[in-house]
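**Q** Going down the list, the protein sequences come from chains A and B.
If you're matching positions, the first sequence starts at 1 in this note's numbering and goes up one per residue.
If you're matching positions, the second sequence starts at 427 in this note's numbering and goes up one per residue.
Take these hints with a grain of salt, some might be off.
[To be verified] In silico BS3-like links for lysine-lysine, alpha-carbon gap of 27 Å or less:
no.	chain 1	residue 1	chain 2	residue 2
1	A	K219	B	K520
2	B	K693	B	K646
3	A	K88	B	K520
4	A	K94	B	K649
5	A	K88	B	K693
6	B	K514	A	K94
7	B	K646	A	K94
8	B	K645	A	K94
9	A	K220	B	K520
10	B	K514	A	K220
11	A	K223	B	K520
12	A	K299	A	K282
13	A	K370	A	K282
14	B	K646	A	K88
[What the hints assert, rightly or not] For each label pair, taking beta carbons as the anchor points, the in silico distance ranges come out as:
no.	chain 1	residue 1	chain 2	residue 2	range
15	B	Y797	A	T143	41 to 51 Å
16	B	P533	A	R19	26 to 36 Å
17	B	T566	A	A222	35 to 45 Å
The hints are simulated quantities; they were obtained by calculation from the structure and are not laboratory data.
Just so it is clear, CB atoms sit at the ideal spot from N, CA and C, and this is done for glycine as well.
The primary structure of each chain is shown beneath.
Number of protein chains: 2
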Amino acid sequence: MVPHLVTALTGPINELEQRMLESMPAIERWFRLEWMEHTPPFYCAVDLRNAGFKLAPVDTELFPRRFNNLTLEMLPLAVQAAMAAIEKICPEAKNLLLIPDPADRSPFYLLSVQRLMQIFHQAGLNVRLGTLDPAIKAPTAVTLPDGGELRFEPLKRQRGRLGLKDFDPCTILLNTDLADGVPQVLQGLYEQYLLPPLHAGWSVRSMLHHFQAYEELAKKFAKLLGMDPWLIHPGYGRCENVDLAQAAGVEAVRAQADAVMAKVRRKYKEYGIRERPFAVVKAATFSGGKAIVTLRDPKELDAAALRDAAGAGAGRVSLLVQEGVPTYERMNDAVAEPVVYMIDRYVVGGFYRVHAERGADEVLSAPGSKYVPLAFAPGGQLPRPGDKPGASAPNRFYMYGVIGRLASVAASYELEATDPEAEVYG
Amino acid sequence: MVPHLVTALTGPINELEQRMLESMPAIERWFRLEWMEHTPPFYCAVDLRNAGFKLAPVDTELFPRRFNNLTLEMLPLAVQAAMAAIEKICPEAKNLLLIPDPADRSPFYLLSVQRLMQIFHQAGLNVRLGTLDPAIKAPTAVTLPDGGELRFEPLKRQRGRLGLKDFDPCTILLNTDLADGVPQVLQGLYEQYLLPPLHAGWSVRSMLHHFQAYEELAKKFAKLLGMDPWLIHPGYGRCENVDLAQAAGVEAVRAQADAVMAKVRRKYKEYGIRERPFAVVKAATFSGGKAIVTLRDPKELDAAALRDAAGAGAGRVSLLVQEGVPTYERMNDAVAEPVVYMIDRYVVGGFYRVHAERGADEVLSAPGSKYVPLAFAPGGQLPRPGDKPGASAPNRFYMYGVIGRLASVAASYELEATDPEAEVYG
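Pulled out of the complex, with its shape left as it was, chain A reads as follows:
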């Protein structure tokens, strides 16, 4: 179960790793203090890119899937974290209503839903599945690849509460990103805990808020460790409210890409990194587009590809221009990037997303990608203080867990900043 992991790590990342291992008590205390002031996302998954010379999060998913790709050995950690989360949110909880993505009926996704149900059942809740699919009007069983079965039930809204027939949950857990907006049935549920909150949905969320929060945190965190924040932060530029049908809109994106890449070039020079910088452009908010444009030279910027990334037919859109962070991890010659999972403030596992046909500077979350659980030799995911940095997977995972958690604190800041019901003191 231990992935055969070939890393091509050079100087700086080892220094970074060394620094994190040495600063473990300071780092853990820093997180504890952050979590005193801020509420962690109920769960999240963070995509990391490990370039050898830097390690950075590139995506933070607040409705994570693929729980089935976490190794079974780590499941007790997820259960324990879920217990801690429930205890904090609603210790009297009996029933949890899980609402999966109605649009995804792939076996992979159903196995992930099954795993989530298992985690919360073991944590001590009666878990049932409600579906947003209006076509399901009676309890419907779906068979899983492992022979198990999931039972989807139609939602039942009664005034301020949402439940199922004979099932009144105190907590509702969403596992659908609400990209198409918030369904009526989920609105105005003030009597129950709705997790994550509706403004974490993709119809509302903006990656610009997230990476702004992450930038702020990376600076604070880097200060704590006495290091350059760039080593853990992907530079980015904002293109808000641009019209890609106009040349001026495309030009605005090009200008941001130029600025991002100029900064990367300076940093590469500063650190003596012989790499060709690149940038990626993606929709900052949900606009129907899912493609990601990789730019090696801003002059090459293809307006059509950009419109595709932003979503066909979209009017004004917001785009995130992000520093391209190559990934230099390899598994059996295929390019790999780590994905770290958290429940509440705890790292509960992770996996490598591996793509045999993609390059180190390409996006791996594409058809053809595979998932290899991050499992560990005896010793679990614990860093071993005596080990040479970079020498052991456990050491590496501590660093991944730190950056994953940093992104999860950023998500917490993001959700606070965008909370439509936040009280304003002033």
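Once you've looked at the hints, dock chain B against the given chain A.
**A** Same frame as chain A, now just chain B:
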């Protein structure tokens, strides 16, 4: 790493296990509500006896050793639990002072101390070892069997605070049971968190308080599950303040043993158990005695052995007369009993105490006992709802974890009841 575990389970324990698995959400909620009202012991280890027809705790250690016998795969669980515990007690914590038992320098114990340091280091604290040994006047390194090293430092008391040279901890963790009383240096530390509290020490603690609290809890818990509390509770009798030098004192013990065994006989009859009842007599408070007297017939009661159990030269003593619970678990033909470890409110692992030369009705914590980590096939210690009860180790461990936690709630009640600084409302 999975112990080859041969159990000789008959009807009732399977029913009990089945009931616990089915009632998991209710059980977990019950624990959550208990922990809302009561503070869990910082850590504890509970010895269980699995008789097939019943499962009961027979000892609850509030300064647990043998952390090195927990399987490494489960260490992340211990770290996560430690993180949760620290966050609750003192989120700003930087430094933890660990005070081990000065009388134990065995390699086994030192490895356990090393493991404890590792757990709390990974949880994000600077951990250093202070010693109560007055002979150690300067930092002293001790080499471990694995080549590692522990560094013991002399304690430094400054007015209300205890620390080491250049080390001011906010939390002090005791791993010595204080059987010889509370050293001056530990008294009056009101500015720091001292865990466990001093009244958990063996010079103060009484098993009678513990089992009284456990009896109360076993009744509540059995009511929740609609079952006979005897199935999870070892019957007991109290002999307080008896003088074993007098015939009347010995007679008082015999009377309690008679009463305990008469009850066991009735229960055995009720459940159709063809076993010969027995009782064990042990010191309820620390009195220098460590032996345990096993009684198959109260008439056989040996006053000399009893005095040995109570401690040579003791004056008036308190004894616990406990229902003997045979253990019917076997590992490679040797008698085994499970020991469950908790940190804060979480089960973090366990092992089997195995003794090749002892019988099912004998005490296994004796010279010659061995320790086999409770490790698990993929799936961790998670019960699998679909599995036939008794068919899989994971299912068994859930039940062990439930009874272990029940004893830890009892320890919490016990410590509240005996807290010398508790506020009295009235």
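**Q** Does each hint hold? Answer for all of them.
**A** Checked hints:
no.	hint	in the structure
1	K219/A / K520/B	holds, 22 Å
2	K693/B / K646/B	holds, 19 Å
3	K88/A / K520/B	holds, 24 Å
4	K94/A / K649/B	holds, 18 Å
5	K88/A / K693/B	violated, 41 Å
6	K514/B / K94/A	holds, 24 Å
7	K646/B / K94/A	holds, 19 Å
8	K645/B / K94/A	holds, 22 Å
9	K220/A / K520/B	holds, 19 Å
10	K514/B / K220/A	holds, 24 Å
11	K223/A / K520/B	holds, 18 Å
12	K299/A / K282/A	holds, 17 Å
13	K370/A / K282/A	holds, 22 Å
14	K646/B / K88/A	holds, 24 Å
15	Y797/B / T143/A: 41 to 51 Å	holds, 44 Å
16	P533/B / R19/A: 26 to 36 Å	holds, 34 Å
17	T566/B / A222/A: 35 to 45 Å	holds, 39 Å
Violated hints amount to a single one, hint 5; each of the other numbered hints is respected by the structure.
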